[in-house]
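**Q** Listed below are the residues making up each chain.
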Amino acid sequence: MTMQALVQVLASGLLTGLIYGLVAVGLSLIFGLMDVVNFAHGEFLMLAMYATFGLVFVSGLDPIVLMPLVAALMFVLGGTIYFGVVRFAMRAKANQGMVQIFATFGLAILLQGVAQYLFTPDYRSLQGSWLGGKTLDLGGVYLPWPQVFGALVSLAAFGGLFLLMTRTDFGRALEATREDQGAVALVGIDRNRIFALGWGLGAALVGLAGAVLTVFYYIHPGVGGAFALIAYVTVALGGFGSVFGALAAGLIVGLVEAATAVVLPPSMKSVGVYALYLLVVLVRPQGLFGRL
Amino acid sequence: MTGTPLIAAPAVSPGLDDAARRFAAKRRRSLYVGALVFAGLAALPYAIRDVYLQNVLVLTLLYAALSQSWNILGGYCGQISLGHALYFGIGAYTTSILFVTYGVSPWLGLGLGAMLAALVALAIGWPCFRLGGHYFSIATIVIAEAGLLLVQNWDFVGGAMGVQWPFNPDSWATLQFARDKIPYAHLALGLFVATWLVTFGVAESRWGYGWRAVKDDPAAAQSLGVEVFRSKMAAAAISAFFTAVGGGLYASYVSYIDPESVMSFRFSLLFALPAVLGGVGTLWGALVGAAILIPITEISRSYLGGTGSGIDLIFYGGLVMVVAIARPEGVLSLFKRTRAARNEEG
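Top line first, the protein sequences correspond to chains A and H. For the first sequence, the numbering used here begins at 167 and goes up steadily by one. For the second sequence, the numbering used here begins at 1221 and goes up steadily by one.
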């Protein structure tokens, strides 16, 4: 393999990895906050993609311009789902873990049905974005602009998240709630409000990823499934609850996937990722940066 | 000291004796109820003349059996596997390949597939049972997906194309019945009875108590001398064994399998749902759940889903969500509560 080809594989792996990190971070955030695995996470991504698609159709604007609006809509959706579904699932006295799994699974199937009802099961793709089809030539290494843009959005989002969590009252309240749910109530923090904001924030982050993906990925009601699996692997690899573990693990997953695609047929590109995940989880059950 | 036992045998109080007798009577009653229900279910396919409804009955009984198998690991032992499609696929593929390629009797194929699945379950359990809660569930999803990917790319088992069973005259020897659905209803019922009897036998044994102790609090169970790891391994092997038998029966029933149609994640979910809906870790939860869920799924798919409008998914997903939240102990707990209420009144 020539040097150039190697750099090409590395670069596309890193770009994909940054997007995987952005897809996964919301899942990790919510888990870290309240020990709930959202099994409808992929469907959040799918909804964000359809929201972008619908908004482009209605407004005629570029998906990139609409990205903040999609994130805002997803924020509202995430909060609503916390108040409408998750809050009740957390009250279960018996079979707590099972209730959370199946309540969010039921939600996932329901959301798929809603998407299918509104948009039909057809595969869709967005044509005519500014970035669509353009490539960036870096001395013989070709990078598609949509992926480069997605990677930049991901870096910006992680930067923003870092500032939010370290510099704001909301971030401090979030961290405090993670540490001790009971104690925060004593100092006057409304637990429900923090949880709802956490769900909103998690959904908004995956919403950003969804909006970016519409530029270069097809949209259909089942699209969440493939990304959800990668998100679970990423989060488990990085450590459940670790926000920056999600970024690091996203990069690793992207790189391993790109490398596997060189060695094995493209249809088996995930095998390397699954193998790595199993290896890490067996050696270090809490993931690379997680706490047990 | 000599002659005195270290620990005096407790004097058996008449109350304890009475409790033991009542317990034995309750167990006997459960068996009578089981025999009655099974006799009724065996007769049911003759009462249904409609082929479509007979199909619904076969699937209901099959999913009841599969969910009861899942229940052994998920409900009694508390290890929520979301990767049982792997064992289902192993059963379906072993039976199909042995029969189609080598002409081995499906009866033998069912047994071999089941044993292979049990071994695979032990191989997976050995590393994965150290993972707790959600970590375990996610590991099972990933392993099942990796298995699906491997089968899709494995030409020997037909790759993505799958395996087609040849057309043969109806026979119990090859487990093929082209037009008649009644034998399949009885086969599925037979599998359910087998899983029910195993559950019935094990639930009140040392193992069963061990499983429930592990489910409630693994650390406490360990400190009380329950061999936590071995309990989980035993539950996993039994659970995978019967799931694979179900996979083999399903393959003979539909007579064509491909990776997506027996190993996709959807199946892992479908095995867990009836037990969760009816009541996890109970003798009858899986059957009650399947009797509610499968007819609703099949009928809503035929009447609402035909157009691809997604209404069937909205209905189905909404049902799962509402039941999970509203009745965490399953539909069966409704009856328990009314009986308890009645006792209070009386």
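Rather than coming from a laboratory, the hints here were simulated on the basis of the structure. Among the hints, erroneous ones may be present.
Some chain H residues near chain A, calculated using beta-carbon distances under 7 Å [said to hold, decoys possible]:
(1) 1351
(2) 1446
(3) 1484
(4) 1537
(5) 1541
(6) 1545
Okay, the calculated bits of chain H under chain A, using three or more residues with CB under 8 Å as the criterion [unchecked claim]:
(7) 1364-1370
(8) 1487-1496
Being a predicted model, the structure only gives us computed values, none of them experimental. Glycine included, C-beta positions come from ideal geometry on N, C-alpha and C.
**Q** All hints, please: hold or fail.
**A** Structure-based check of each hint:
no.: 1; hint: 1351; result: holds (5 Å)
no.: 2; hint: 1446; result: violated (20 Å)
no.: 3; hint: 1484; result: violated (9 Å)
no.: 4; hint: 1537; result: holds (3 Å)
no.: 5; hint: 1541; result: holds (3 Å)
no.: 6; hint: 1545; result: holds (5 Å)
no.: 7; hint: 1364-1370; result: holds (count 4)
no.: 8; hint: 1487-1496; result: holds (count 4)
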